[in-house]
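**Q** Two chains, two separate frames, one set of hints: put the complex together.
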Amino acid sequence: GDSVTQMEGPVTLSEEAFLTINCTYTATGYPSLFWYVQYPGEGLQLLLKATKADDKGSNKGFEATYRKETTSFHLEKGSVQVSDSAVYFCALTRYGNKLVFGAGTILRVKS
Amino acid sequence: DVKVTQSSRYLVKRTGEKVFLECVQDMDHENMFWYRQDPGLGLRLIYFSYDVKMKEKGDIPEGYSVSREKKERFSLILESASTNQTSMYLCASSTYRLRNEQFFGPGTRLTVL
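Protein chains in written order, with my numbering: chain P, -15 to 95; chain D, 2 to 114.
Take these hints with a grain of salt, some might be off.
Claimed, not checked - 25 Å max Cα-Cα, derived DSS-like pairs, lysine-lysine: (1) LYS58/D <-> LYS82/P; (2) LYS71/D <-> LYS82/P; (3) LYS56/D <-> LYS82/P.
Note that these hints are calculated values from the structure, not bench results.
If we strip away everything but chain D, and leave its shape as in the complex, we get (with noise of 0.2 Å):
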């Protein structure tokens, strides 16, 4: 089975810290993506990358940034966290060998006070 774990189920910030969350999948994916799930809006793509070292803004990047050294791990980035980030974040990742079904994680539900 295709695992993709994040770093924390919870987490509380102040604002203005820098804010890591941490996504890693195990089945050797090319393509990984953070998006953020707001009560009414569904999910909305922040950033996805699509190779090592490759990255792609989606529809709301302002405020975030990422990064992707290793294959398996993509990092979402808030380098002055606000109280308009709280929210939960989704990290997926995807193959073209499975037709680019995108498999979740468990989700970070981000509070920033």
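Excised from the complex, chain P in its bound form (with noise of 0.2 Å):
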């Protein structure tokens, strides 16, 4: 069945340092990604997202891109702040309904 995996955490940087997370998924045909964010006490929220293969997701400053050919959607951002702390969780829809989550990357951003 369809799958996510993410590099497990908690990862941890300073302030203005560069974030990537991996995130590879297994599933067949041509699913679309995502990213969630869950900030402390909160529920989920879409942070970006890419429908089709080369698309790159974008907002707040993260960025992922649709790679088809490694099966990966890594999220980036170029200089990460304290209020970025948070659970990062990718996840991918092929039916454009059920989505099927990774086990989530716990990041900390130390001032």
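**A** As structure tokens, this is what we get:
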């Protein structure tokens, strides 16, 4: 079945450091890919998405490119802030309805 | 803004009790979902519904049931709570009009003693 694998955390960075959180997936066909973020004490929010190969999703300085050849959707940000501390989830859907999530990666940014 | 609300943020119940978790969305979304979130496992789909009175099993439906009598409300029921159902429960809704982006509630942290 479909699955998503994320790098294990926690990831601890200093403010203004470069961030990469790796995400790879297994799915037949052409899934849509998402990054969700969960701030402490809150539900999940959609951060960005890409619906076809080579699409780049971007939001709030975060970017991810849908790479079908490597089945990857790595999340990057050039300069993280303390306010980016959260849990990040990579997810996919093939049928536009059910989402399959990765295990989540905790990001901690220190000032 | 889409709003998804859940009836409780924190809930403590005893083994064997019947537990109701309520979720309400205010944007006329067709689809609603219940997930549980556990450390290291991400979110796992329990049940979902794509219309009133319709329900589909997700990946881990055992020990749970759901009810959707009105479009805006989706209830998760634990018929006889067990300690292994201690978890964070997240509700979400989506609509085909917004390409099925899912909007999440704040979650209910359930502890079963």
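**Q** Now tell me, hint by hint, if it's right for this structure.
**A** To see whether the hints hold, each was checked on the structure:
1. Between LYS58/D and LYS82/P, the direct Cα distance comes to roughly 11 Å. Compliance with the 25 Å bound is thereby established for this hinted pair.
2. Proximity of LYS71/D to LYS82/P is assessed by CA-CA distance (about 21 Å); at most 25 Å being required, the pair is judged to hold.
3. Distance check on the hinted pair: LYS56/D and LYS82/P sit about 13 Å apart at the alpha-carbon level, within 25 Å; holds.
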